[in-house]
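Student: Start from chain A and add chain B with the ligands according to the hints.
Listed below are the residues making up each chain.
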Amino acid sequence: MVQSINQHEVKLDFRAKKFIIWLFVVSSTIMFGGWTSYYIVFAASKGKGHGLVLPDLFMYSTGVLLVSSVCLFLASRAFRNQEFSMQKFFLWLTLGLGVIFAYLQISAWGTLVQTGAVFSNNNAAISLIYVVSGFHILHILAGLGLVLGSLFGAYRNISVDRQQFRMEITSIFWHFIDILWIYLYVFLLLNS
Amino acid sequence: MSTITIQNNQHHDSHDDHAHGHHKETFLSKYVFSMDHKMIAKQFLITGIIMAVIAMGLSILFRLQLAWPDRSFPILETFLGKWAEGGRIRPEFYLALVTIHGTIMVFFVLTAGLSGTFSNLLIPLQLGARDMASPFMNMLSYWFFFTACVVMMCSFFVQTGPASAGWTVYPPLSALPKAIPGSGTGMTLWLISMICFVVSSLMGGINYVSTVLNMRTKGMDLWKMPLTIWAFFLTAILGILSFPVLVAGVVLLIFDRSFGTSFYLSDIVIGTQVLPNEGGSPILWQHLFWFLGHPEVYIVIMPALGISSEVISVNSRKPIFGYHAMVYSLIGITILSFIVWGHHMFVTGMNPLLGGVFMITTLIIAVPSAVKTFNYLATLWRGNIRFTPAMLFAIGLVSFFISGGLTGIFLGNASLDINLHDTYFVVAHFHLVMGSAAIFGMLAGVYHWFPKMFGRMMNAKLGYLHFWLTFICAYLVFFPLHFLGLDGVPRRYYAFTEFEFMQKWVTVNIFVTWAAIIAALAQVAFLFNFFYSIFKGKVAPQNPWEANTLEWTTPVEHLHGNWPGEIPTVYRWPYDYSKPGAEEDFIPQTVPFSLTMSSNMPHDFEGNTEAERIQEEWMAAQEAKQKTIVD
Ligand code: HEM
Ligand SMILES: [Cu+2]
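In order, the protein sequences belong to chains A and B. Under UniProt numbering, the first residue of the first sequence carries the number 1, and numbering increases by one thereafter. Under UniProt numbering, the first residue of the second sequence carries the number 1, and numbering increases by one thereafter.
By construction, these hints were calculated from the structure, which means they are not laboratory data. Mixed in with the good hints, there may be bad ones.
Said to hold, decoys possible - Partial pick of chain A residues on the chain B-facing surface, computed with a CB cut under 7 Å:
id: 1; residue: R15
id: 2; residue: A16
id: 3; residue: K17
id: 4; residue: G116
id: 5; residue: S120
id: 6; residue: N122
id: 7; residue: V186
Said to hold, decoys possible - Dumping the calculated DSBU-like pairs for lysine-lysine here, alpha-carbon to alpha-carbon at most 35 Å:
id: 8; chain 1: B; residue 1: K224; chain 2: A; residue 2: K17
id: 9; chain 1: B; residue 1: K178; chain 2: A; residue 2: K48
id: 10; chain 1: B; residue 1: K579; chain 2: B; residue 2: K627
id: 11; chain 1: A; residue 1: K17; chain 2: B; residue 2: K218
id: 12; chain 1: A; residue 1: K18; chain 2: B; residue 2: K30
id: 13; chain 1: B; residue 1: K42; chain 2: A; residue 2: K18
id: 14; chain 1: B; residue 1: K224; chain 2: A; residue 2: K18
id: 15; chain 1: B; residue 1: K42; chain 2: A; residue 2: K17
id: 16; chain 1: A; residue 1: K46; chain 2: B; residue 2: K178
What the hints assert, rightly or not - What follows is a list of derived Cβ distance ranges for each label pair:
id: 17; chain 1: B; residue 1: L559; chain 2: A; residue 2: R15; range: 20 to 30 Å
id: 18; chain 1: A; residue 1: V99; chain 2: B; residue 2: F136; range: 23 to 33 Å
id: 19; chain 1: B; residue 1: V269; chain 2: A; residue 2: D56; range: 36 to 46 Å
id: 20; chain 1: B; residue 1: F259; chain 2: A; residue 2: F73; range: 55 to 65 Å
id: 21; chain 1: B; residue 1: L527; chain 2: A; residue 2: N122; range: 51 to 61 Å
id: 22; chain 1: B; residue 1: G581; chain 2: A; residue 2: W22; range: 43 to 53 Å
Note that beta-carbon positions come from the ideal geometry of N, C-alpha and C, so glycine has one too.
With the rest of the complex left out, here is chain A:
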């Protein structure tokens, strides 16, 4: 009896903590929403956007990020089927692809700078490209931390409940930053 109440409370605890991640996703979305609405109002009042052809690197990085999301999905599935070595393999892959994504983003900045579209710019729309992609990279770093946490849990063999909890919050967050970047990329493509 006591045992079952106990488990019930633990479950509640995890559910509440998972909910925290969702709320974080909401507030983060709103922050980016703030910047994109800045962009819209700015572009509407000045009659111009960033006016650039975005570097191809952004396209590649988007692809990489998408694949990483698929990998994480596969890792979760492996975990559910109790194929733990597969789970670890796909988690490592997600991690690697995440790092490559961040690297590609920063190289994309490099190309932007070479074409003269620098950060300190009299066209705020161009500066904003750096702001949104930069803050997105910060989210990637946080996401990598969560992936590492899941990996760590897998190697340390912590209780299944807690492993599952870590996998779940990692998935919520990683898929979120994936979708977030696609939103930002499409937004920048459409509003040049």
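Tutor: Okay, now just chain B with the ligands, sitting in the frame of chain A:
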């Protein structure tokens, strides 16, 4: 006895999934890096009180300047050094004082101090939870807040002084470090402090929402929650949805200041030097700021409204009038507060049509606010009122909310606001409706829940003294400002008496300053009462106000996990006061209907036919008994 030990273990595991064995409470883990929501609440409260005292001190300084613009106060020079050379406050410092006063009061006292204290204390206690969803994040939330306070105070010790562009820090003034001294390092510190503050608020708010949605005890469905919880819950949602926008705006401002971008800057000439920045727009800052800023004012007032709902109902010994209407009006305010921000920007040259839209939404938001006011009055009406200090402060809130809300309706009309904008009329409006009302709500909460926080009672006599002096002086301070505003006296001016047509207001200013000084002295009664009672107050009984809510079922002595045994189950709403037929004039939420057969009403059973049948049988039996006695 054995059950208790088992239960203890049980909450232990659920709490802290990686703890092995027992917690060892050290001084550090108990008082400093505490993860217990009750301790964190106290930390927020005491930090909030300290910040409030500081901000009040700043306001007395600038009130001195306003009342006696030509007089020298040598004592000021001893304290402030170069900021008050020759005993007179320097103009730059005056602006810094106003700015930091506003920032501290709005953000640190009435947002963190108010929500931080009472959401932390009451959400787990009134919902029947062991602690917050994430006690660790809760602790971080306090420490980010503390850092924000320290950083903000540090700005008094930098060469160029604190930020001076007003609490709304409009660019370009705030964006150009060379514009005024306060826009230098002081402004940078302001921005850093604000980011810490927002991080703290978000962590807190996210925790509150998750706790309310996931951790209620058995039987506590949403419609059985006390109005305090509804208010904290919706406030937290408001924060989660609006604070990130402030971060977005602040980040752009930081880039403008330090990295040469032009988000808010265009066509600026300083002296003879033309700045290279082009293409930005300061109006965009105003949009981002007020998109947060207006919800922020409701973030400030809603917890205070929730607290007074509870306090007024308990002390009128009556159910709150229109519980559902109270909840729906809070929800209405939450939603509407996102679409009215333009009323702060009527004079920015916005399209008159857009101004009209914002005017209509603004006038609509007055409706739910009015619903709440009427419900308070209806609850008080013919109540069996107990005038405790908490009750007086709650009634004070209602008074200020009405008198300040009415002027909001003036300001919401664009055609009037164009005249009144940036005058003392606005200052009068928000100091009544936000400043005074929210502070009174907060004080009501402190007097009411002090026994829960510290296990002792505050002295009621000192409470009455504190209330009457503060209440009267607050009106004496803020009411006359309406007339200054109507006469066109602008806000944030160092010495408006330099203009001849405003000179007649000097006498009023002297009067206001004296009232402010007395109000400030009245707070000594509170501070003494508060700190003295923590150690020496009368020991509190478990349920000193005879209230229904769950927090009064916990033992007076605090313990980690709140309830020694199982968490109590909830059977009824929290407002069964003076229910006809009941033995006492209050029925706690934990009392099942089967124990109160004589006072149950048909609607109590929410359509549960089985329960209704039992009740009817009982009543029939009761009647039969009556008959036999008569026969
Ligand atoms: C009855 C509903 C209300 C209406 C229609 C209303 C309307 C307005 C308007 C139009 C302004 C802009 C004045 C100007 O700058 O020219 C204003 C300012 C302000 N209001 Fe209200 N208000 C209402 C209630 C409240 C409440 C409940 C609060 C806070 C709890 C509040 C806090 C403020 C503050 C802080 C400002 C001044 C901001 C600044 O410029 O520094 N108002 N109000
Ligand atoms: Cu407003």
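Student: When the hints from earlier in the document are held up against this structure, which numbers fail?
Tutor: 4, 7 and 20
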